[in-house]
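Sequence order for the protein chains is A and B.
Counted from 1, the first sequence has number 21 at position 21 by the working numbering; the numbering is strictly sequential.
Counted from 1, the second sequence has number 21 at position 21 by the working numbering; the numbering is strictly sequential.
These are calculated hints, taken from the structure and not from any lab test.
Any given hint might turn out to be false.
[Unchecked claim] Here are a few chain B residues that face chain A, going by a calculated C-beta distance under 7 Å:
1. Leu52
2. Pro72
3. Lys73
4. Asn83
5. Phe98
6. Gly99
7. Arg103
[As the list claims (entries may be wrong)] Within a straight-line C-alpha distance of at most 27 Å, the following computed BS3-like cross-link-like pairs (lysine-lysine) qualify:
8. A:Lys178 / B:Lys73
9. B:Lys101 / A:Lys208
10. B:Lys184 / B:Lys101
11. B:Lys107 / B:Lys130
12. B:Lys360 / B:Lys333
13. A:Lys182 / B:Lys104
14. B:Lys153 / B:Lys73
15. B:Lys104 / A:Lys208
16. B:Lys101 / A:Lys182
17. A:Lys178 / B:Lys130
Don't be surprised by glycine CBs; every beta carbon is placed ideally from N, CA and C.
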Amino acid sequence: MNMGRVHWLYLAPALLMLGLFLIYPTAETVRLSFYGPRSDVFVGFQNYVQAFTSQPMLIAFRNNLLWLVVFTLFTVGMGLLLAVLLDRVRYETVIKSVIFLPMAISYVAAGVIWRFVYTFRPAVAPQIGLLNAIVVALGGNPIGWLIERPWVNNLALIAVGVWVWTGFCMVILSAAYKGIPKEMLEAARIDGANEWQVFLHVTIPFLKSTLAVVTTTMIVFVLKVFDIVYVMTNGAYDTDVIANRMYNEMFYFYNYGLASAIAVILFLAIIPFLVINVRRFRAQEAVR
Amino acid sequence: MAEVRLNEVTKKFGGFTAVDRVTLEAQDAEFVVLVGPSGCGKTTTLRMVAGLEEVTAGDIFIGDRRVNDVPPKDRDIAMVFQNYALYPHMDVYNNMAFGLKLRKFPKREIDRRVREAAELLGITDKLKAKPRELSGGQRQRVALGRAIVRNPKVFLFDEPLSNLDAKLRVRMRAELQELHQRLKTTTVYVTHDQVEAMTLGQRVAVMKDGLVLQYDDPQTIYDHPANMFVAGFIGSPPMNFLEARLMEENGRLYVQGKGFKLLVPEERATDAVRGYVGKDVVFGLRPEDIRTPEMVREQQPGRAFVGKVRVREPLGDELIVYADCAGNEVVAKLDPHLAIQPGQDVTFLAAMERMHLFDKETEQAIR
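Next up, chain B with everything else stripped away, as it sits in the complex:
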């Protein structure tokens, strides 16, 4: 068991900076997720922790030990790869036992650990099979088993679920969570899938262009995104961004844009927000924070705007509506039982206490 700390870690490939002064720490037994679009540097960061890439600048610590110059085999880590990277010429048992054999564990100890892990992962009947005889999910379990038997200080996962079909992915996600609760091994997990990030991570680092844009627990990231990128990346369908101007009338703040003028609630009118009065901002609203009058008990003033419905997507448990509001496209997540049809003009209500405001230039959140 150990913590993982990255201090101002930078990785350059020639002139290209893949990872830019990343500072992160995963506490002992914590499950940390690095999430971001492809090319954001998340995998490179993970590979540096594993020792598969050299660090250009900065320090990486596992426990109290600075591991920059420690080869992968001496870092006491285990890694699970996207394509599983099983040894095709070894059966499942030997795939899992390989690391222990190299470390010269006694035969009985190896046998005990492999069988225990196989039991835990439900692959006991596959121990004699070669990887090519297994399904994707089973291979993934073997790869997990190979990591577990070594009982390492840190687990590193590099998009381990992205080669599985959607149904299996959901199941393995739950299994991974259960596994972590049981083993309590410090874990760094890389994914491009924001759902995986939200469901698995105790803390999530959102990365873009080699930078960590925000590092917080999932709910904080969702509720208080630090900038427009994080706000748009986390959440599905993504947050609505509307160009607007902050106005003050009779001591009250309004966000005004094409086709809407909405009242900023008193508790959200902080000093920082007031500083933007008369300036252009980006107004952000999550789809589920848009409702219709039928969905709210008492209506408050200064929240309504009108849109013409273009497309409706009923998902059974919810209804996604794409509407046109004076040239802006707005997505709303509504009650599925509402009788809304394309072409119809609908009055929407914005949950303004949950609105987001961003600086138009820096794209940073205004709080």
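Isolated chain A (complex conformation):
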């Protein structure tokens, strides 16, 4: 048998699956994004123009940017802080398990839980939401956590995401932190570094590649963020995000063209981070 061709035989099943379920849908989505709502009229870049200019989409872009910055900063930052601080705590595993627990909950369930926490009743009625109950007990006025735009409600949604994902960042970073030779930290202390300088000059550089992987993973997630917003506000009061926009265009307004265009935009935005992530991961594996 011709050995030059035989490898195609082995690759064929995998390529077939990839082509059928990955490449074809992607190509088809790109094609649809140049057609009208019912995929029958070619409209050129009109869907893209609308995606980048319509008011709801601009709000969604703004919110995604907010998610990108705040969510990533807090999940990675708090994950790192917890990883380093908990390393010195006696009941480390117990506390880490508790912080990691939300990862085991589906976003829909997390959304439902937090809707209860954020529930708002007018000042005259008894507050059944945990947060407002606390606010009122402390003598404040109840706050419409999911209503007050644009900062309170968006940040309240982001907080749910942070609650879910901080544990993940913490666990990955904690594993990397434990890989730091203790003598290296001690050497730095003897060299004259205080705890902050040890952290800045020794710990952070050592964790650099892990931090990069965790950060890009968070960014990829946050660009696609959907479930939390869909369950809790469905984009009301200016809390919409790109992925939720896409879902609504598709399944409420049956605008296949615009939904496809949004999907393509989202896809293109994520690619660079995916590439960074895969490269970093490969580099890390190569070191091992």
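Starting from the known structure of chain A, arrange chain B on it as the hints suggest.
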């Protein structure tokens, strides 16, 4: 430059006493070695001097200053670790410069010191390299360089040579000695290797179970070990220990055991030794203090015993012989040119003026 003093220093981890009332002092410019088997508390002692472990009780002084509550960075010490603990993301230059930068030395001064140290250690061409590009010996030199550039009051070494291969270890040992002669910095050096302890230490503290069993210059420790542990730990092959009884016949003392009866020389029959007449003791004899008749010019009475050779190990410069003497195993270090074969009965002569006697109960030397 400073002296280091430990006064009744104790370290407990929970209920476990790792270091038990250790009192030691290293004089200014002295090279002191802590040696002992693993778990004897030597590293913990060193880490307390460094400030990496808190002291449970007792005082540590560096110079005139009590440093118990002084953080490591303010103790003016430098430490070299077993695994070097270099910063992997910094090149050699910055590894050495890190401590100086933190102390806000001027750039030119840092540069001068780093280059000087690199010159001294022969790593000038490696200044731009990352630690992972270096061999074990080079990494060790960088770790040394990092300690040297700071010009600290005290060097602390924690088994710095044990990750190197045997040949390199011997060379680095000599280099360390040379370095100390040049810099004259007070040094505390921890090792489990008795050869390192003997060759490097101006004074050696032998530790076991958190206690300092003996603190003396190497030759004194070798010639006059304070107890059976020190006697057995220092020296290779280790000292022979034989169960024996001290007897007196016609005013002369004899050590008698299974298969031997040896005369105690007059000068060794001290009052302390005489006090053990009629009692069981442990008789110690170093392998090199056992000879054969061919090796001595004039034979003295009361020194001979017979053994059947079991194994011979010719090392070129010497011949190690394991013999069976009425059930006791005896190791002797002999002239390599002797025609001794396994299975042969050989007459051995004990250099009794160099014998050791130990109390059977307390294992302390009887002198």
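Indices of hints not satisfied (ascending): Those not satisfied: there are none.
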